[in-house]
Amino acid sequence: MLEAIMGLAMSLGDPTFLVTFQGAVNWSVGFLTTVAIFAIVVLGLNVQWGYTGILNFGVVAFFMVGAYTSALLTLGPATGFNAYILGLDLPVLVGWLGAALAGALLALLVGLPTLRLRLDFLAIATIGIAEILRTFARSGNGLVNRNEGLNGIPGFLAGTVDRGDYKWLLLAIALASLLLVYLLVRAATESPWGRVLRAIRDNEATAQAAGKRTTVYRLQAFVLGGAIMGFAGALYAHRIGAISPPGFTDLFGTFLPYTMLIVGGAGNHRGVILGSLVVGFFWFGTPLVQESLPDAIGTNVFVWRQFFVGLLVVMFILWLPKGLIAEEARVSRFLPRVAGGPSLRARITGRFRAE
Amino acid sequence: MADAILVVDRLEKRFGGNRAVDGASFEVARGSITGLIGPNGAGKTTCFNCIAGAIRPDGGRVTLNGQDVTGWPPHRVYAQGLSRTFQIPQELSGMTVLENVMLTARDHPGENLWEPILRPWRVASREAEVREHAMAMLRQVNLEPLAHERAGTLSGGQRKLLELARALMADPELVLLDEPSAGVNPTLASRLVEDIRTINRERGVTFLVIGHDMDVVARLCDRLVVMTSGRVMVEGTPDEVLNNAEVQEAYLGSQYR
Ligand SMILES: Nc1ncnc2c1ncn2[C@@H]1O[C@H](COP(=O)(O)OP(=O)(O)OP(=O)(O)O)[C@@H](O)[C@H]1O
Ligand SMILES: [Mg+2]
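Note that the protein sequences, when read in sequence, are chains G and P. In terms of this note's numbering, the first sequence is residues 36 to 390. In terms of this note's numbering, the second sequence is residues 22 to 278.
I should point out that these hints are in silico values taken from the structure, not numbers from a laboratory.
A short, non-exhaustive set of chain P residues, derived as facing chain G with CB atoms under 7 angstroms:
id: 1; residue: P95
id: 2; residue: L113
id: 3; residue: T117
id: 4; residue: G131
id: 5; residue: E132
id: 6; residue: L134
id: 7; residue: I138
id: 8; residue: A145
id: 9; residue: R171
Coverage of chain P stretches by chain G, computed from C-beta distances (three or more under 8 angstroms per stretch; other residues unrestricted):
id: 10; region: 96-103
id: 11; region: 120-126
Even glycine gets a Cβ: it sits at the ideal position worked out from N, Cα and C.
This is chain P alone, in the form it adopts within the complex (with noise of 0.2 angstroms):
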């Protein structure tokens, strides 16, 4: 591939006896919404945990934006320009919605010990920065309203949003999310779909983007990449991936009721 921003190369993890990723490669160009689908089990979540520095791989190679950060810490690879969302949220429930966008912003100086207490002005202009920065996020997946709620009491599916916009908060070139749309309402779940083919088409960030739902998948993505047990089956554009025989017997047979 031309320019690929994310390169996957023979990646394995082992959970005790379990090969959960099993060898997979696959590559995601820059600028693309890239789905990576697959039925349960298949190690679509292992993946994503292995690429974002969350569990080290036990073999293989990932390389970010032609920088090998295989193994790397999450820390390390948040500043190679990557961010993700989880496919359980894991929102800090005591925390309000906003601050728990907050937290993801980048180049934040209060984040270190000796700036709110030294230089406090220089820490509440950049405060005010990032809090319109999250407020905006907040918009666009419609929980402004919500904004100084506690996030533990939100509702599963607007769980999904405030990940969604905590993992823009951070102003990513690759965002890695895990089934966005799960547990969204079907009205507001299009609208994603568009608010993430908006974000891909005016600031050229790139989503990988775990997803069960095909039509979402289908809609939303220029590629799609099939995993079964561990490995890559099939690549390629949503039409040749869903018209393939292999896929519908592997995938759409058991899992798309």
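So that you can see chain G by itself, here it is in the shape it has in the complex (with noise of 0.2 angstroms):
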């Protein structure tokens, strides 16, 4: 990784800070710990779309929603010009877990009386969320400290190493999140549940007919997508130590996930991983060769980015519609595996399709 982003820069000329061995450590250290945060979230995505087919068009404001409980929990009270409830400067870890639970909340909230109706309902009260809690962040008048956002949110062990050291310990809690939320979210659905899901994804009418209470299953679903998308978005909170509400862009909460879990392999968990890491190279690397790329690219190449990430996702739909990692036949792991999937080169081919 570090080699790939090293010789990149190199050979495409003149990176202004990647030409140091330091510069290059802290970009990728920055990079990685940003991946495994995005890759949380999009793990939580999986279980909602992957797995049961849940069309949610407002990930970013579960992500929102947990950012601001666990910065209103573990900030102190309010003072000068600021204006917040809470502010009950409780430890970081107690802020992560009433994120969690906000994030479970607000699903719930939405789920409970869309869920039972079709499908499409639950989409479209999805994509008001995020701009009500966008408004509502602003305006809500010492409530959560409008536009400013909130400030000096703690960094969890912030004391405990050097401030110089402290990029890789942050790196360690964002990993050793993702590997905790990778073997929750496995332990949950690489099971006869992670199997009623897929089959309500697949064909309701066969999921109802194999007595399955289907609307039961997608609130659970969309619930635990939910609190792992607050978790995720506390993470980001603590890890940044400042929010406010014009960060938490469409674009990037909602619109950047899903082509993640799209390259990534929806369905397969460690798939949707790679895919994280994969699109979060484009995203975050285009900046970096800004100066290499022609006038025309490199001035906006903000704007440009869009536009690579979206080809990127058309690619995959057209080309290669399981992904990198396509999912498995085989949904509960206390059966044996199966031989794999089609190839890549099938895949890539079209071949499967035919089948």
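Put the two chains together into one complex; each comes in its own frame, and the hints tell you how they fit.
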């Protein structure tokens, strides 16, 4: 990874801050930390959309609720010009737990009235909630400090190491969290429970005829996913230390996770983690090579990267719709593994579609 | 009827102006194999859908095991001991054949969100039982060698067999089979008839079977119910029904080439 980034940077001539080894290390550590947090969001989305087929257009809302909840629980009381509720000065870990609960609660609030109706109602409802939350955070006077947002959010275990080494600790925390969420999601979904989710996604009539209460399962999957996204939001807040409403855009918090999911392979947890890395590299890596891009693109690199990632998704949908690592035919880990899905070559050449 | 496991009383279902089921009434005796026949569009599948809860009837009553189940959602009807197959197979194509069948198992703690996380050993032991049972079902319909294939790779006839295996997996008291032998090769179809009779005799499972193939239906069923245009025209033993002039006119005349 490191060599790849450095090699890329060197060969392309004049990257400003990757020329030194230390610069490259700093960038990579930060990059991997971000990717790990995104991968957690994407695992949550994989439970909702990858496994159960629930279209959630408001991923960023769950992320944001988690970020704000944890910040409000762990910050001290508001002082000076700041105005926000809570400020309970609680330990960071309690904040994270609160964030997951807040994500779950939001999912319950949105899911309960809509999931029993037709599936598109939930999708429509989720489009609105991110906008509602952002507007609320901006205007709700004295609730969450409006546009200035929350600053000075304490880092987890921040005092325990040198300032210069804290980035390594952050990376370790993010990776450990990712591992934990991965193991949890795997334990939950590669099971008879996950089998029901996949049945609902692929053919609801079959799942119902098999005696499953499909709305209950959908709600469970939606809430579990929401809790995971809330937790990821908390990791994010404590990592960057300052959050404000304009930071939680749909592009960043909803579109990007979906692209990671599609590229990695919906329904495959290892796949979507890989997808987070690949898409993250495109997204966060493009600005690095800004100088060496043609001027027309280079000066607008932040706009163009949206185009590139969009193009990547279209290419995957057309030529590799199952993503980098396809979903397995076997769902339950309690059963012996089946010799894998179609080969990569078969998937690219489209031969598998003839099945 | 002395002991009817299923009573359908003046059932009605309209699709727009089309009266798909228009006051159909019939009973299925416990322990019997009852055939439901009639020309295309007679409303047979729509009846099944109303009984199993897949769609809500507009009128009439469905009584299962003495319990009024009219308009119940499918999972509650299933819990009352009913399972069904679809005329057009509804397999889960991305999943293995084995897991398609395992999905229908009753009382699986692993289908509870917390169990696989907190008590995986309990899930594992039930999963092993369910797997054995599912394998036995697949053996019965000759699909055992394909247990670990994706269901999407099966042929049309094999999909019908998978439907049957899945319905039987639920340990039902009453099974609704929608044209179980359509597209299945004649040799295997005769074996299916034998298998259904055996299950009926040995385990006391009641069957309500929609059929097009007269030979199969006549050999399989104790009783036949004939539907046309959403109503029941004749009921009786296969001999009575097949020798009925009206039936020969309405059904065999137009259908039986
Ligand atoms: N979901 C639906 N929407 C609209 N019309 C329907 C629907 N399902 C069935 N119908 C109509 O209801 C009538 C009865 O259909 P049904 O499928 O019950 O017949 P059937 O007896 O099963 O016929 P076949 O022997 O061809 O399977 C037909 O006219 C059909 O077009
Ligand atoms: Mg039909």
